[in-house]
Amino acid sequence: MRYLPLTPSDRDAMLATIGVASIDELFVDVPEAARLSGPIAGLPDHASEIAVERHMTALARKNIAAGDGPFFLGCGAYRHHVPASVDHLIQRGEYLTAYTPYQPEIAQGTLQMLFEFQTQVARLLGTDVANASMYDGSTACWEAIGMARRITRRGKAILSSGLHPHYVSVARTMAKYTGDVLETGTPELVPDTDYHALAEAIDADTSCVVVQYPDILGRIGDLKPLAEACHAKKALLIVVVTEPVALGALKSPGEMDADIVVGEGQSLGVGLQFGGPYVGLFGCKEKYVRQMPGRLCGETVDADGRRGFVLTLSTREQHIRREKATSNICTNSGLCALAFSIHMTLLGEKGLRDLARVNHGAAAAAAERLQMVPGVTLVNTSFFNEFTLELSQEARPVVRQLAENGILAGVSLGRLYPGEGSLANGLVVAVTETTTAGDVDALAGALEEVLK
Amino acid sequence: MSRYFTEDHEWIDVDGDIGTVGISEYAQSQLGDIVFVDVPEDGKELTKGDEAAVVESVKAASDVYAPASGTVLEGNPALSDTPELVNEDPEGDGWFFKITLSDPSELEELMDESAYATFVSKL
Amino acid sequence: MTINQSGWRPTMTEKGGESAASTFTGNKALMLEEALIFEIGSTETTGVDFTGTPAESDAAMPAKAYLAGLEREAPIGLPGLSEPEAVRHYTRLSRQNYAIDLGLFPLGSCTMKHNPRLNEKMARLPGFADVHPLQPVDTVQGALEVIHQLAHWLVTLTGMHSVAMSPKAGAHGELCGILAIKAALAARGEDRRVILVPESAHGTNPATAAFAGFAVEDIPATADGRVDTAALKARLGPDVAGVMITNPNTCGLFERDLKEISDAVHAAGGYVYCDGANFNAIVGRVRPGDLGVDAMHINLHKTFSTPHGGGGPGSGPVVLSEALTPYAPLPFVEQRDGRFELVEEETAGEHHAASFGRMVAFHGQMGMFTRALTYILSHGADGLRQVAEDAVLNANYVLRSLEDVLDAPFGGAGPCMHEALFSDANLAEGFSTLDVAKGLIDEGYHPMTVYFPLVVHGAMLVEPTETESKAALDQFVGALRSVAERAKAGDPALKTAPHFAPRSRLDETQAARKPVLVWKDAEPALAAE
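Protein chains in written order, with my numbering: chain A, 311 to 762; chain B, 916 to 1038; chain C, 926 to 1454.
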């Protein structure tokens, strides 16, 4: 076995040092009935690199990759070009094979990177502080709702109908156990967000209002009046950003006085990966920092007065607080946070703004092109790089049919909201810097063909 | 004014029906460097034994219990910026909160200074 | 002629010069200081060009912008670096980290084993890495098959009934198991409120149970480091929802009575959650299903070698007994007529009506599944069994090689499993486990897990893993012996260790009292008068 260094003679020598005759004697505490006498039947034995590579490659080939043809999916995961140096750097063993930086003297690389990441995220989201990352956007969203409950000591969260339905599902699952009451709704194929109605619904029991920006249909709304409405009733405004590139073009939620801003960071550095691992972004106002979940890195000095970084405020966390912790979260998404941070550093403010401009420009051109197709209506009057089309027929079969022709046309709302007849004709289309005008033409042509 | 101690190492000074609560010199020495103190809000009703405040060192968080029942008058505002007061002067400037006692007879169950000193010496 | 037949080796010819006390840069040869990106970058610099990108022809803002009048105008403050600067920045930072690739990483309970690079290569195949989670299922049959194959291995290796693949990490998996237990109780119309957790448990156990609304009650440990079975049984009753037991436990010992405990818990109407953090010690030799376990998470980043990445991402699939299977979360993969289906909210009613719901957007940590499956296929059933055997052998070798110098509180009771536990009992007055840990840093090692489990004073938990050679273990044993002897002799230099690391001991008190969590640019200098 290529990953096991011990030789048979090593094993014999070590058994002798230990003072036992066989390896079985080290497993004496296992009750006899539970001891397996040999390898588990029905499973193959070890295999060479070549054999494993062949097996995995064959499986990979059964998928259509986003890069194989025109591709327009978004809805919480976006295809962006990741510079080659990002993947090279995150594969350095000192990052890839390091542990959580619990011994700061020999983990300054990870710690300084996390401090830089926290600052980048806070500046992007417009918040005072940000943590060292969460599992992903959906779990960060739920953690934010729990945090609002702890801060306001109220138990009702109002969720926008424009919040990603998977994020709503996660919150619904968790709320069953914590007793939080969630008010939710289904979006309508109209140009405006539901922010106005949300503002009306806030009452004295409301802990928070949760909105997505841009929302699941790609629409953008001004958060400022909603923040004011929340604060007038002493509720918090939580804003969810699933496409961080949008904040290269759009005012940050923090600038509009959101209290907690969470996001999915996958767009930068991470890649699609069929849904994970991703990286949850989590920022908030400074006054709420002690109610934050997850790891935090902070600046300090060492015994010789040199600047250094440590994990801090860890009394919030499970390994100290146990059943009183702010969350049971034990890890972050370290390597994905590193990928995000490197990509962001390569972009810098200039690059991020350029990237956002290219995305928005390409999306605007695509929206204008696609709405010329007979049977296609553009729902949005506002969007960043993702918008919703209403087709003249159910979108889901259309998506499947186009996939057979090698065009991944977008996310049908029937997939996200099964059984919601009013949304069945909706198709959410995302356009990024990786999308060519030719791709858009191919989609337009194929839609024209199917919708005839 | 008289001072009482609990077995959980809180002290309470009583002046009329107002009590001032903190943690003992022994408690701060066990906790090490205090980095954060969460004091109760004004007006909070506490029953004797309730978790009233939280005191944190770098690697530990400990609850501080109400030595007697009553209504919180105020938390020590100085602790939010200078939690190290608890290390420097635990039984003085490092007090946690003041409380209006609802049942001063509860104090009779607590230890006085010398009883507490004996209690600590046996730990 | 033969070169250097005598084996002569160069030595210093005369007494060396004084070493330089400090350098201009603060660097010490290959030990390089590195500033923050906020100090070296600028918002005008970028390492990414957009000229010639596919969408570049549209790069100008469109004639009509669709941004609802919310264009971001104020500066964001994100510094950029050109590619050479960025590569250098992150490379220099990386060299301040310890890593498995540099040496033995004996962090008990964390299973820091070698991360095979084939895993990385496979995870990066475009058919896995560049696939969107919401693509039509016909276009992702290979991805679903990976999940299905990995699930089959996990279920078979554990002797369980099914597996929930979506949890994002071990603690998330614990939550999954506890929620399944809660759902199963609800389906029975029972409202049991108490979860029993041994004192030695990981902190995530009580945190998870409390999150799900359970009251947590501690179960004491016996003098030999195991769960007090009698105390546990005595506490069972109609209010107990279940127990959370780690096996092998956090003292590195096998819970001999787990089957007996499971039977008692089941007889009392409860469920058994097993924390599978230490599955590496028994994979291929013991199936938790044979011990009556109802749910157990598997940290793919421990037993199945997916990288720890400096703190995640993890992955925590949860294997389930037949009793808990109906309550497993959405989504999951089903094979029907040779085709792989994704059971989500839409089809759950038909196939999985009792599910407690969704825990996460999308389908879990696919990138970790490909790595774990690659690792599993590389080892096969025979190799995985050898993994457990070598992990246990290595740990016992460390235990027996050091028990004369360090106190091993359970060493006399028999063998350990995958990790060796020591205490601070023998150290000189004023010397602690922390000093031993920091001393090990100077010897070129990452310290073992310290002060965990809580049931042993000054605990030092050493988990060498199976991917260490005997020579590597011998060197580590020598190093730890040396440090332990210094701690027993009261060597004052140990109190200020590490001396040779990029940083000496850091002031964690100051960091917590006045948290500085983000970089603040210096205030612009006041104009000279």
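Hint data in this document are derived by calculation from the structure and do not stem from the laboratory. All of these numbers come straight from a predicted model, not from anything done at the bench. A virtual CB, placed ideally from N, CA and C, is assigned to each residue, including glycine. Incorrect hints may have been included.
[Stated by the list, open to error] Here are some of the chain A residues that sit facing chain B, going by a computed Cβ distance under 10 Å:
id : residue
1  : His398
2  : Arg600
3  : Leu623
4  : Ser624
Here is what the structure says about each hint:
1. His398: violated (37 Å)
2. Arg600: Since the shortest Cβ distance to chain B is 7 Å, the answer is holds.
3. Leu623: holds (8 Å)
4. Ser624: Result: holds, 7 Å to nearest chain B Cβ.
When the structure is compared with the earlier hints, a violation turns up for hint 1 alone.
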